[in-house]
Amino acid sequence: MRNYSVFDIIGPIMIGPSSSHTAGAARLAKVAAAISGGKIVRVEFHLHGSFAETYRGHGTDKALVAGILNMDPWDENLKNSIKIANERGIGVTFIPTDLGEVHPNTVKFIITKDDGNATQVSGSSIGGGNIFIFDIDGQEVEFTGERPTILTKHQDLPGVISKISSILYQENINIANMRVYRKGKGKMATMALETDTQVTEEAMGKIKNIKEIENVKFINPIVEGVI
Amino acid sequence: MFVSTGKELLEICKEKNIPIWEYTIREEIEAVEVPREKVIERMKSTLHVMMNSSTYAQDNIVKSVSGLIGGDAYKIRKYAESGKTLTGEFMNKAMARAISSSEVNAAMGRIVACPTAGSCGILPAVIISAGEKLNSSEDQLIQGLFTAAGVGILIAKNATLAGAEGGCQAECGSAAAMASAAVVEMMGGTPEQALTAAAIVIKNILGLVCDPVAGLVEVPCAKRNIAGTVSALTTADLVMSGVYSKIPFDEVVWAMYKVGRQMPAELRETSQGGIAITPTALKLKKEIFKE
Ligand code: SF4
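Residue numbers (the working numbering), protein chains in the order written: chain X, 1 to 227; chain L, 1 to 291.
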């Protein structure tokens, strides 16, 4: 039997009309934008299942663009997001499609930055505004964005992971969950590491300096708190 | 850890001589390890969002994105003040509040899912209307929300709060049950009476299917928020008069869960049954999506 917080029952505070089609969509896009980083100039939203069928009626399109613009799921400006994106010169396209055997509320983002580089992120909105990300640039991952998350792309050599964990230990940051995905021994690997508390600037700097790490992203959770 | 059944909840409340809201606050403090003030403060900001959503569409004519619903809260509010109503100003104002949040939700405004976005009108309308009548302080309204949350946690643990799993009885039914229990505690009723109210509300809505037109949280959702609000308020009076439920809360929740499981998928949010497949609903759907 699951445990519930009071605010799982009375909450989230959100922009309507639907926690999975609007709040969850905004959350997904906000995390996808953080994964991409940089100055975003164009986004393609590949919509699957119920997202593909009802995205206009539920305002899923507006919620997704709002997330790309870094808005929170309770931001009252959410409904104007497409206009704001236009004004900022960010191109958005919605493409209903079939992404295969995935959750009915799934979207694949193709996010292009001003340097021409593109990032692909896929994730699902699984109810009550909760989400999970399951693919980044073709690499399988799994995290929910509920906790501070560190995403690395690193060479799969002995000691890399212990370097990261000892930096976190020094900063007194507890690891809540950690998953490593790799194509083969010694090749490039991806790690999603969730922590209990915010990752400090100190720790971020030190982790970036680990030489086997090619790329690292720090994703802050979207916490409601007191609005 | 929050107890798993209504029976245990009543035993603990009796033993400690506290209401459900107090037990719920204590458990939250323990579970999330934050101080009491922080938990209360967060609920206060939740209440403020509810106050706005339940008022806004009474003062402004709000239209949903699809155009399916809107403007009813405004109408009912005017009527409530006309002196011509059958059920009185109190009940009509409560109805206007309920549909106001639903309209704000459908128009992409800010609401509190309680427990879901589809049923977001019931708890605010019930708590705020009862509070106005009882001259409750803001603290007492917040306490009411904790009572409601406690009852909601029990339903979530033993059944479901999602229309896709249990039909609308699980969404609007649970919202109304939570709200009715809250009002009973606000009126000075015992924890046992609060759960009695929740049980009666669910018994009266048992079997309600989830059948949103065009898959949108608008028709019949908005009016079900009104129905849930009325049921929550009248049931609170019923219980405060001394009426009891023959079947206890835990067993009613169990029955609701069972009924939800027995519902075919067509009647659980897929828009393939009920109101959603009436000829008019299908025509509206076509118009909205310009198929
Ligand atoms: S009909 Fe379905 S979508 Fe509408 S309020 Fe009820 S459970 Fe929610």
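Treat the hints with care, as some may be off.
[Claimed, not checked] Covered by chain X, according to a simulated footprint, are these stretches of chain L (three or more residues, beta-carbon under 8 Å): (1) 100 to 113; (2) 236 to 247.
[Claimed, not checked] Some chain L residues close to chain X (C-beta under 7 Å, calculated; not the full set): (3) E28; (4) I29; (5) S66; (6) G67; (7) G152; (8) V217; (9) I288.
Rather than coming from a laboratory, the hints here were simulated on the basis of the structure.
Positions of the beta carbon are idealized from the N, C-alpha and C atoms, including for glycine.
Going down the list of hints, with the structure as the test:
1. 100 to 113: With 10 residues close enough to chain X, the hint holds.
2. 236 to 247: As far as the region 236 to 247 of chain L goes, the hint is violated, because 0 residues have Cβ atoms under 8 Å from chain X.
3. E28: holds, 5 Å
4. I29: violated, 10 Å
5. S66: Holds: closest Cβ of chain X sits about 5 Å from S66/L, inside 7 Å.
6. G67: Interface hint status for G67/L: violated (10 Å vs cutoff 7 Å).
7. G152: holds, 4 Å
8. V217: holds, 5 Å
9. I288: OK, holds: I288/L within 7 Å of chain X, min 6 Å.
Checked against the numbered hints given earlier, the structure breaks hints 2, 4 and 6 and satisfies all the rest.
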